[in-house]
Amino acid sequence: MTDRTSKTDPGKFFEDFELGQEILHAVPRTVTDGDVALYNALTGSRFALQSSDVFAMDNDFDAAPVDDLLVFHLVFGRTVPDISLNAVANLGYAEGRFETPIDTGDTLFATSTVIGLKENSDGETGIVWVRTVGENQIKQLAVEFVRWVMVKKRDPASKAPETVIPDLAEAVAPERLFIPEESDFTEYEFAVAGSPHTWEDYALGEKIDHVDGTTVEDAEHQMAVRLYQNTARVHVNRHRARESRFSKRVVYGGHVISMARALSANGLANAVRIAAINAGRHVAPTFGGDTLYAWSEVLDKAELPGRVDVGGLRLRTVALKDREASGFPYKNADGSYDPSVVLDFDYWVLMPREM
Amino acid sequence: MTDRTSKTDPGKFFEDFELGQEILHAVPRTVTDGDVALYNALTGSRFALQSSDVFAMDNDFDAAPVDDLLVFHLVFGRTVPDISLNAVANLGYAEGRFETPIDTGDTLFATSTVIGLKENSDGETGIVWVRTVGENQIKQLAVEFVRWVMVKKRDPASKAPETVIPDLAEAVAPERLFIPEESDFTEYEFAVAGSPHTWEDYALGEKIDHVDGTTVEDAEHQMAVRLYQNTARVHVNRHRARESRFSKRVVYGGHVISMARALSANGLANAVRIAAINAGRHVAPTFGGDTLYAWSEVLDKAELPGRVDVGGLRLRTVALKDREASGFPYKNADGSYDPSVVLDFDYWVLMPREM
Amino acid sequence: MTDRTSKTDPGKFFEDFELGQEILHAVPRTVTDGDVALYNALTGSRFALQSSDVFAMDNDFDAAPVDDLLVFHLVFGRTVPDISLNAVANLGYAEGRFETPIDTGDTLFATSTVIGLKENSDGETGIVWVRTVGENQIKQLAVEFVRWVMVKKRDPASKAPETVIPDLAEAVAPERLFIPEESDFTEYEFAVAGSPHTWEDYALGEKIDHVDGTTVEDAEHQMAVRLYQNTARVHVNRHRARESRFSKRVVYGGHVISMARALSANGLANAVRIAAINAGRHVAPTFGGDTLYAWSEVLDKAELPGRVDVGGLRLRTVALKDREASGFPYKNADGSYDPSVVLDFDYWVLMPREM
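Residue numbers (the numbering used here), protein chains in the order written: chain V, 1 to 355; chain A, 1 to 355; chain E, 1 to 355.
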């Protein structure tokens with residue numbers, strides 16, 4: 001018999017985390033065609049590999065794989081009740097890597113390990129670093145990532161833990177980018193995917209204006225977080241949001257990443273997979289009714305070990321709200337962000353090469 | 001050749017019902033993964049048995065069963081054109097029972113029998129009681145329930161039928177709760193489902209604040225009723241609603257039940273199935289933009305014949321709008337409901353036991 | 001290596017089209033149960049053949065076919081980046097025909113041929129006629145249609161092409177209506193589909209008020225065009241729309257067709273398939289918040305070669321906004337449309353006959 005006074009889960013507070021702690025997240029999740037259709041309807045995603053079983057099979061996949069970010073959001077969603085229900089802020093991501101593609105019918109399981117702790121000087125909050133792993137039903141790694149969040153203390157008087165700040169890679173090394181073994185892009189049809197541009201065509205420092213804009217409605221981002229079973233309290237509760245800092249619901253930052261990735265199809269249509277997340281910062285909140293635009297910059301290029309048919313492109317994609325991307329708004333001279341910037345996202349994609 | 005003047009179906013009026021009448025409802029409905037994904041995105045449901053094929057198979061199901069309330073809404077949706085298109089009010093439910101779990105790919109058929117009639121003293125409306133049965137494609141009972149609605153008369157001058165008020169059980173008896181034969185909860189993993197609490201942990205009279213709140217947007221509840229193919233006129237017609245009593249669209253009451261059930265996962269994560277609906281009252285209307293909260297009370301507990309791995313919990317779940325559930329708002333001293341209450345729902349769930 | 005300065009696709013301008021040009025549209029699309037569920041949730045469609053695998057199999061289909069208009073929208077969506085990204089207006093449709101039914105799991109491919117060109121006298125725009133063909137993965141024709149759009153010139157000074165206006169049929173001839181070979185409607189159950197009315201019951205000139213109204217929200221039509229991967233810029237960009245002619249987002253006209261078709265189930269429940277699109281005009285724009293009503297008129301009836309179980313009905317369906325369909329609002333004495341009319345759609349449906 002467990003404690004009858006606490007049937008509901010209040011979420012973890014800073015004191016509840018300890019270094020090395022392993023957390024098995026609840027509610028494994030089977031991914032279905034329905035999830036994929038909703039993801040497309042909510043984000044506008046239209047990459048050929050994820051849209052067409054035939055196109056995927058032509059590149060030696062069994063079927064159209066599930067969008068990497070949908071996998072990310074579903075795994076992330078599992079972690080919220082244990083990691084970030086009492087979070088004040090989602091501070092960053094690092095060392096994100098995607099491995100085995102997920103097919104519809106697969107089931108995702110999520111676990112996290114606490115790898116860093118630091119109490120803030122205010123004594124009321126602390127920072128928790130966790131490494132989260134998402135696996136399929138046969139324990140193949142689908143996605144892993146580190147994130148750190150600022151979490152409230154239950155009791156400001158409680159003793160601070162020893163400070164441990166994990167040593168995180170500034171970016172995932174190209175040799176750690178995973179390419180699905182079954183894949184073969186030697187016959188990849190660029191025109192069918194919507195762009196003639198191969199990996200060779202992209203130059204270091206090149207910037208791409210993704211041109212299109214897309215508006216997010218409250219109903220849409222609410223449906224997104226519910227689909228991901230993400231229970232964070234700031235996204236779907238209008239009543240409580242009225243008394244919050246912003247006085248309205250905040251769009252889940254991951255949904256902004258997905259919308260920016262979907263917009264990037266115009267200019268990066270052959271970015272077949274996200275291979276890694278190097279860093280990500282939600283610079284400012286997005287709200288229902290905002291229109292997002294995006295631009296990208298090529299930060300790095302890498303040939304990949306053992307593969308001549310596909311290369312890695314390291315990109316920074318910046319999402320803006322209610323401002324077009326022409327001119328590539330980013331940072332001001334003093335290092336602060338342009339007020340239109342909502343997302344600064346640094347990641348690796350795979351892109352087929354000229355054969 | 002049928003009458004050319006009436007291609008459209010005006011729905012049944014009170015005079016069109018007679019005792020014992022059997023109504024075969026149109027448009028059988030195959031349930032798909034897409035329906036399930038939308039249901040989750042619209043309600044926030046996140047129970048493990050319905051979310052994961054692997055979890056379901058670990059408890060000897062073939063696959064994750066379709067949420068009981070989605071089955072209910074789909075069956076209910078079929079009945080609307082025949083039963084409640086001209087209804088003034090949905091007055092109540094009784095003797096609801098869920099039997100064979102529905103899997104995606106199954107097709108639902110609905111039929112109803114008129115079991116009670118009573119003309120109102122105003123001579124303009126009457127009450128119709130129907131027992132509705134939803135079956136799958138091999139005629140296994142998926143769900144049955146009694147509901148009664150107030151329906152307009154076509155002609156106030158028409159003669160009243162003999163009054164017959166059916167004798168309905170105040171609650172479904174525990175021995176009538178159906179447990180899927182294939183199921184085996186002896187290895188049920190409470191932690192994986194998101195709560196350590198077994199059937200034994202819940203006490204008679206215990207109240208649970210489900211804490212979270214969730215907002216319903218017009219786009220969301222419109223999508224819900226369209227998904228259920230529920231053609232009731234008050235939910236999706238803003239133009240006509242402007243001249244209605246509330247001057248706006250009303251959320252389908254069943255969607256409120258689903259949102260309350262989804263909220264109850266925080267506190268009742270191991271309520272693996274709804275086994276029966278004893279009574280339900282839509283106390284006040286819910287509108288787009290309202291935020292729902294919920295709390296539950298344990299009304300009864302029952303061991304179930306032939307099963308040591310699972311028990312029955314009778315619950316009252318109360319849904320509130322724009323008010324948090326702390327303090328468990330319910331009825332005033334005079335028996336009237338607190339103005340925040342929108343739903344008073346009395347039902348049985350199945351919950352695995354401590355093994 | 002292609003041009004680095006143009007990674008994003010600006011869309012084609014009038015000068016980019018030439019007579020006889022064949023365009024392979026990018027991003028083949030696998031249709032899934034998820035697409036179907038969303039389509040139903042967004043439109044309210046509820047025809048029995050498309051809703052029930054069992055009903056479909058009883059009429060000798062393998063499974064419930066995908067709604068014809070969903071197939072149309074998915075094929076249309078593919079064409080937008082190549083045909084209408086710089087379109088000023090969608091002027092009309094003709095010679096639309098549906099052949100092989102699409103099942104979930106099938107993949108759609110789209111190609112178009114330029115069949116007409118005419119520069120406008122303003123020198124700034126021109127009209128392009130294209131015939132679009134949508135095929136499944138084994139090259140069976142799913143849908144074909146002609147549409148013409150007014151497209152901007154890149155440079156007003158560029159030379160006008162020779163004017164070629166294609167000779168288009170005023171309506172698809174009945175003998176060109178395709179009936180799925182596998183289908184057999186001799187055992188078609190009218191009551192199960194929701195209406196007793198057979199093909200014989202409909203008279204030339206008969207008008208049907210579909211009675212119900214349904215409101216479209218911005219979140220809904222945004223989800224629809226994203227699902228169809230239709231990248232036209234006027235539907236989902238609130239920021240840019242503020243400076244447009246209407247100062248708000250415009251609902252994709254195809255979504256209005258789908259909503260009108262869904263409303264028509266009340267009166268035309270046995271219109272099992274759309275067989276052809278003769279003509280279609282988006283008379284006025286529809287916006288989020290508008291409520292649509294619809295009425296239909298029987299324009300023609302045709303027995304179909306080799307089939308006694310099913311006939312063709314040529315219909316005009318008119319969609320109205322914020323006005324009920326009673327009185328059948330259509331055109332004024334001067335030939336202009338009633339201000340409530342948003343769609344004037346002329347098409348053939350298949351309907352089972354009295355056996």
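Hint data in this document are derived by calculation from the structure and do not stem from the laboratory. Among the hints, erroneous ones may be present.
Which copy is meant is left open, so a pair is good if it fits within one copy or across any two.
The calculated BS3-like cross-link candidates involving lysine-lysine, where the alpha carbons are at most 30 Å apart (straight line), are [what the hints assert, rightly or not]:
(1) LYS153 with LYS207
(2) LYS207 with LYS152
(3) LYS139 with LYS331
(4) LYS159 with LYS207
(5) LYS153 with LYS301
(6) LYS301 with LYS207
(7) LYS152 with LYS139
(8) LYS301 with LYS159
(9) LYS139 with LYS159
(10) LYS248 with LYS159
(11) LYS301 with LYS248
(12) LYS118 with LYS331
(13) LYS152 with LYS248
(14) LYS331 with LYS207
(15) LYS118 with LYS159
(16) LYS118 with LYS152
(17) LYS153 with LYS248
Owing to the predicted nature of the structure, the values given are computational and were not obtained by experimental measurement.
Structure-based check of all given hints:
1. Proximity of LYS153 to LYS207 under the C-alpha cut-off of 30 Å is restricted to the inter-copy arrangement: shortest distance 27 Å between copies versus 43 Å within a copy.
2. Taking the closest pair of Cα atoms, LYS207 and LYS152 come within 30 Å of each other only across two copies (27 Å); inside a single copy the shortest separation is 39 Å, beyond that limit.
3. In this assembly of identical chains, LYS139 and LYS331 lie within 30 Å of each other by CA distance neither inside one copy nor across copies; the values are 42 Å within and 51 Å between.
4. In the homo-oligomer, the alpha carbons of LYS159 and LYS207 never lie at most 30 Å apart, since the shortest distance is 48 Å inside one protomer and 34 Å across protomers.
5. In this homomeric assembly, LYS153 and LYS301 never come within 30 Å of each other (Cα to Cα): the closest approach is 43 Å inside a single copy and 37 Å across copies.
6. Proximity of LYS301 and LYS207 under a CA criterion of 30 Å is satisfied intra-copy only: 14 Å inside one chain copy versus 59 Å between copies.
7. When the C-alpha separation of LYS152 and LYS139 is checked against a cutoff of 30 Å, the pair qualifies neither within a copy, at 33 Å, nor between copies, at 54 Å.
8. Taking the shortest Cα distances, LYS301 and LYS159 never come within 30 Å of each other, neither inside one copy (46 Å) nor across copies (43 Å).
9. Taking CA atoms no more than 30 Å apart as the test, LYS139 paired with LYS159 passes in neither setting, with 38 Å inside one copy and 63 Å between copies.
10. Taking the shortest alpha-carbon separations for LYS248 and LYS159, neither the intra-copy value of 34 Å nor the inter-copy value of 54 Å comes in at or below 30 Å.
11. Taking the closest pair of Cα atoms, LYS301 and LYS248 never come within 30 Å of each other, the shortest separation being 40 Å inside a single copy and 41 Å across copies.
12. Proximity of LYS118 and LYS331 under a CA criterion of 30 Å is satisfied intra-copy only: 29 Å inside one chain copy versus 47 Å between copies.
13. Proximity of LYS152 and LYS248 under a CA criterion of 30 Å is satisfied intra-copy only: 21 Å inside one chain copy versus 41 Å between copies.
14. Taking identical chains as interchangeable, the C-alpha atoms of LYS331 and LYS207 lie at most 30 Å apart only when both belong to the same chain, with a minimum of 15 Å there against 52 Å between chains.
15. In this assembly of identical chains, the alpha carbons of LYS118 and LYS159 lie at most 30 Å apart only when taken from the same copy (12 Å versus 69 Å across copies).
16. Proximity of LYS118 and LYS152 under a CA criterion of 30 Å is satisfied intra-copy only: 12 Å inside one chain copy versus 59 Å between copies.
17. Within a single copy, LYS153 and LYS248 get their C-alpha atoms as close as 25 Å, which meets the 30 Å cut-off; across copies the closest is 43 Å, which misses it.
In the structure shown, a violation is registered for the earlier hints numbered 3, 4, 5, 7, 8, 9, 10 and 11, in ascending order.
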